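Colleague: Work the whole structure out from these sequences, hints included.
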Amino acid sequence: MRPEQRTPIARYGHSLWLLTQRDLRVRYSTSALGYFWSILDPLVMAGIYWFVFTQVFERTVGDKPYIVFLLAALLPWMWFNGAVSDCTRAFLRESKLIRSTRIPRTIWVNRLVLSKGIEFLASLPVLVLFAVLFGAPLDVNALLFPLAIVIQGILTVGVGLLVAPLVVFFRDLERAVKLILRFLFYASPVIYSTTDLPPELHFWAAFNPLTGIFSLYRAAFFPEQLDWYLITISAVMSLSLLALGMLVFRRTERAVLKEI
Amino acid sequence: MANLMAADAPAPVISLTDVGIRFRRNRRGRRNFKDLFGARKRRSRPGEFWALQHVNFTVQPGEAIGVVGRNGQGKSTLLKLVTGVVLPDEGVVRVTEGVAPLIEITGGFVDDLSVRDNVYLTAGLHGMTRKQITARFDEIIEFAEIADFIDTPYKHLSSGMKVRIAFAVISRLEEPILLVDEVLAVGDKAFREKCYRRIEELLAGGRTLFIVSHNERDLRRFCTRGLYLDKGDLVLDGSIAAVLERYNQDYGIKPAA
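Chains B and D, in that order, are what the protein sequence lines are.
For the first sequence, my numbering assigns the number 829 to the initial residue and increments by one for each residue that follows.
For the second sequence, my numbering assigns the number 9 to the initial residue and increments by one for each residue that follows.
It is worth saying that the hints were derived from the structure and are not from the lab.
Here are the simulated lysine-lysine pairs, BS3-like style, with alpha carbons at most 27 Å apart:
| # | chain 1 | residue 1 | chain 2 | residue 2 |
| --- | --- | --- | --- | --- |
| 1 | D | LYS139 | D | LYS202 |
| 2 | B | LYS1086 | B | LYS1006 |
| 3 | D | LYS163 | D | LYS202 |
| 4 | D | LYS202 | B | LYS924 |
| 5 | B | LYS1006 | B | LYS924 |
| 6 | D | LYS163 | D | LYS197 |
| 7 | B | LYS1086 | D | LYS239 |
| 8 | B | LYS1086 | B | LYS924 |
| 9 | D | LYS163 | B | LYS924 |
A partial selection of chain D residues facing chain B, derived with a Cβ cut-off under 7 Å:
| # | residue |
| --- | --- |
| 10 | LEU95 |
| 11 | GLU112 |
| 12 | GLY115 |
| 13 | GLY116 |
| 14 | ASP120 |
| 15 | GLY135 |
A few chain D residues that don't get close to chain B, going by computed Cβ distances all over 12 Å:
| # | residue |
| --- | --- |
| 16 | PRO18 |
| 17 | ASP26 |
| 18 | ARG78 |
| 19 | ASN79 |
| 20 | GLN81 |
| 21 | GLY168 |
| 22 | LYS197 |
| 23 | ASN223 |
| 24 | ARG225 |
| 25 | ARG228 |
| 26 | PHE230 |
| 27 | VAL243 |
| 28 | ASN256 |
These numbers were taken from a predicted model, which means no experiment stands behind them.
C-beta: ideal position from N, C-alpha, C; glycine also.
Modeller: Shown next as structure tokens:
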């Protein structure tokens, strides 16, 4: 019985799914709290920011209820942050498997984006729960959620394809990426809204693709956050990053395989 | 080397045309961006060497080929090129059929998962569907002789058992091409004999075999054709007897059979 002859795309999907499943299974079989951990992290973060910005300081940024406003961007941020920082080790961690199977190499990035993306989807009930508890009305813009997910997926894969091979050659990049991500957290409208920025920064904020993506997510509860100008720029930025990522990945693949 | 490329032969399953691959000598050497993105030039840069160069050969379906050479002469690299886990810097590697690589066979196994999950994962990554694996599952476990440990985490298996289950999975893939890289050196004698019989079974079933070994007896047992690699060149492509004779002539090694 030969392995079933299937189209390369079907095989790609099959392998991608197997590896993603493996990731999730390993994560949940080795920890007792399992799923709880993937929502605990954003919850604790959201709790801290909520306390600092509504109880300690007088909140001047964002919208009410602030906790919903926070989570609507914090949860997607966790996806982006987790996937990109995992991508720094995409090749190094799986070197044995990469040396012994000939699955297309982009899988090593895509599976990380996918498994973090699934965790993101799994954490969405938390957002819904808080929206109900704090009485944030769901807007019709919630239908745009899938669009936000698609743009973010494109962006994350693009950045991952860029980061993963370069880290193999420049190990320092691993720590640099962590640092950049921390900077990016504050440079993106997670704890504030783009409208809270000084007007002269609006133009530059638009070039952070996360700005438009978060505005799209937030529009589900805060329709005034919807800004098609930002979203268009972020879609264009995401696609260009994907193109750049694919180019870099293709050019470096040969050297990566020798190095690991 | 044209003697084996008969004109009326069927389409080759493996063909290498002027294949070369180079590696860096010093791992810690500086990489720069120009180096990474620069066009693939034919010349070797300083600090690099050609592990293989100008390698040409074709393999017909059903052939059994042994690769011979001293350590570090590019044998494993050649196998990896055929598997597709490294890419050549020049030339073309064309493999038209599926490959079951017995190279670093335990590589895909995950410590924290049970043997059962690992079998499904590894076989799946090599292209088998869930249904196919289920149909083969008992056979695989029986071959590996670890029926009592199906639900044990992989990390708790002994190193011998790890190799056994890995061999059992990959050798059940039944792809048309089988690549073997000295994995047979591990395992106890009885299991090794079982592996040999399995390989012979596969050969009898018309598989193409590509084997790297230092064991002359194994090579003579399985192979009809030999490739002799020395200093990155394909020195001789002929019958396995001729290749072994030349190899022993050059290096005067009496292999410890």
